[in-house]
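Asks: I would like the entire structure built from these sequences, with the hints used as guidance.
Listed below are the residues making up each chain.
Number of protein chains: 2
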Amino acid sequence: MTDNSENKNTVRAVDRALDILLCFTDAKELTLTAISQKVGLNKSTVYRLLASLEGRGFLTRHPETEKYRLGFRVWELSANLTQEDDPATLLLPEMIRLRDLLGETISLYIRNGNERVRIQAAESTQTIRRVAPIGARLPLYVGASSKVLVAYADAQVREKVLDDPEWPPYIDRQTYIDQLEEIRSNGYATSIGEREEGAAAVSVPLFNRRGELVAALSVSGPYNRLTQDKMKEIAPEVMEAAKRMGKMIK
Amino acid sequence: MTDNSENKNTVRAVDRALDILLCFTDAKELTLTAISQKVGLNKSTVYRLLASLEGRGFLTRHPETEKYRLGFRVWELSANLTQEDDPATLLLPEMIRLRDLLGETISLYIRNGNERVRIQAAESTQTIRRVAPIGARLPLYVGASSKVLVAYADAQVREKVLDDPEWPPYIDRQTYIDQLEEIRSNGYATSIGEREEGAAAVSVPLFNRRGELVAALSVSGPYNRLTQDKMKEIAPEVMEAAKRMGKMIK
DNA sequence: AAACTGAGTTTCACTCAATGAAACAATAAC
DNA sequence: GTTATTGTTTCATTGAGTGAAACTCAGTTT
Numbered sequence: 001m002t003d004n005s006e007n008k009n010t011v012r013a014v015d016r017a018l019d020i021l022l023c024f025t026d027a028k029e030l031t032l033t034a035i036s037q038k039v040g041l042n043k044s045t046v047y048r049l050l051a052s053l054e055g056r057g058f059l060t061r062h063p064e065t066e067k068y069r070l071g072f073r074v075w076e077l078s079a080n081l082t083q084e085d086d087p088a089t090l091l092l093p094e095m096i097r098l099r100d101l102l103g104e105t106i107s108l109y110i111r112n113g114n115e116r117v118r119i120q121a122a123e124s125t126q127t128i129r130r131v132a133p134i135g136a137r138l139p140l141y142v143g144a145s146s147k148v149l150v151a152y153a154d155a156q157v158r159e160k161v162l163d164d165p166e167w168p169p170y171i172d173r174q175t176y177i178d179q180l181e182e183i184r185s186n187g188y189a190t191s192i193g194e195r196e197e198g199a200a201a202v203s204v205p206l207f208n209r210r211g212e213l214v215a216a217l218s219v220s221g222p223y224n225r226l227t228q229d230k231m232k233e234i235a236p237e238v239m240e241a242a243k244r245m246g247k248m249i250k
Numbered sequence: 001m002t003d004n005s006e007n008k009n010t011v012r013a014v015d016r017a018l019d020i021l022l023c024f025t026d027a028k029e030l031t032l033t034a035i036s037q038k039v040g041l042n043k044s045t046v047y048r049l050l051a052s053l054e055g056r057g058f059l060t061r062h063p064e065t066e067k068y069r070l071g072f073r074v075w076e077l078s079a080n081l082t083q084e085d086d087p088a089t090l091l092l093p094e095m096i097r098l099r100d101l102l103g104e105t106i107s108l109y110i111r112n113g114n115e116r117v118r119i120q121a122a123e124s125t126q127t128i129r130r131v132a133p134i135g136a137r138l139p140l141y142v143g144a145s146s147k148v149l150v151a152y153a154d155a156q157v158r159e160k161v162l163d164d165p166e167w168p169p170y171i172d173r174q175t176y177i178d179q180l181e182e183i184r185s186n187g188y189a190t191s192i193g194e195r196e197e198g199a200a201a202v203s204v205p206l207f208n209r210r211g212e213l214v215a216a217l218s219v220s221g222p223y224n225r226l227t228q229d230k231m232k233e234i235a236p237e238v239m240e241a242a243k244r245m246g247k248m249i250k
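Protein sequence lines correspond, in order, to chains A and B. Under this note's numbering, the first residue of the first sequence is numbered 1, with each subsequent residue one higher. Under this note's numbering, the first residue of the second sequence is numbered 1, with each subsequent residue one higher.
Careful, some of the hints might be misleading.
Put simply, identical chains are the same to the list, so a pair is met inside one copy or across any two.
Straight-line C-alpha distance at most 20 angstroms; calculated EDC-like pairs for lysine to aspartate or glutamate [unchecked claim]:
(1) Lys-247 with Glu-166
(2) Lys-67 with Glu-54
(3) Lys-247 with Glu-94
(4) Lys-250 with Glu-123
It is worth saying that the hints were derived from the structure and are not from the lab.
Replies: Here's what the structure looks like:
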């Protein structure tokens, strides 16, 4: 939020208003004061910025809670943005089916540089806290989905990832590389408590019709529900779903 | 674009920036000067507003065309906005299937007050001009989808629509009411050149699991391809699709 | 009932940030 | 070559945007 970057020639009031909008990437509902704290601006300033955002329909106030939420204008814009060949849109119904079958959170990750991005999700109804908001960027060296994305990437990409100067010293490269090999032979990856304490995940690769890797599809939940055995048990199911989903993508 | 409404206490620069964003509801790509004409502002003003919008990722410049487009931030926001029980998202894959089967543009309309809103679409690849952008609001007195939405609405709603003081005098109410009756007995509506010259459409109701009307699903195209006979022929197909889609919605 | 919190809203004086005109650069069109 | 037509920068002017503080209105606490 405190990112001025190097761009000059920018309009301060607009920057601030957009920062306010961006607050809603990890919060669904916010009060005026919460926002003013988050962006570090005076209440009255935020008040007027919110008035503009609300006036144009980018935010609305929920009638009951009185809190601010994203408005229909965001949806209207995104609808025109969304390509119908956008995986995130096409695959959601199938992901929901899988979620309802397994009862755990289903996520879809793509690789972007040396990170992975969560582009779609069907949250478990039991989950209290979300794994990560959609659009969240995570490092590629921990988590089942990370390894899937690296394991099935082309050799050049894999090398580039492993050569990342920011690779953390506490993760042994050779162990990691060995894991990739294992994942390729199994067809899926699992992780327990790697990225977050108490959380486990199974992840499988998602290939498009041409057989290219496009994403990693993961099932994640608390490790007391998602034990190693349980994950092994559901893996074929998940791989099957990924296969079906892959057929939908060019 | 020239809508100040009654809201005071609003920040001018922000209002203007948001107006610029809204230009992209009916245009995919715009140049700076095009925008400045559209919103009626000085080029340099627009230049700086664009710098802010671009800096925060709400707009990007297409590397080739150099023109402005909606940026990833819009998608990121909308991803968090989109409920997974949002019909527009859930139904798209099925709509695409139907589009690929019939080769014509598939649209989904919901009623909102005395208008209908196009909430989702799978455009025919042959179509040059779009029927309407997503989010577009159209009157309820012309077009196949309008009549479907009215025909299957509850009596109170139907009455409210027919009592609209702005009902155009050149459309006879009794004829319209008779058509509704016919639509209910057929299970679908057709229209030729009603809303737009040379365009035809078949539309069917979409009911949720509880049997409530939620939307109208339409197939539209040029009337030389979509003749009355052709429409009669494909109607069962469309109704079947609507039935399947309805099962996905609470 | 009074005092107190913690929401949102309004007022107001100050001043700096946003503005438009015009000049400028960089291509594309003729 | 000239002529349009992009996008970009400069600069003086001023009024739009700002923060502090006052205020309202519910809901809690004392």
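Asks: Which hint numbers does the structure go against, in order from smallest to largest?
Replies: Violated hint: only 1; rest satisfied.
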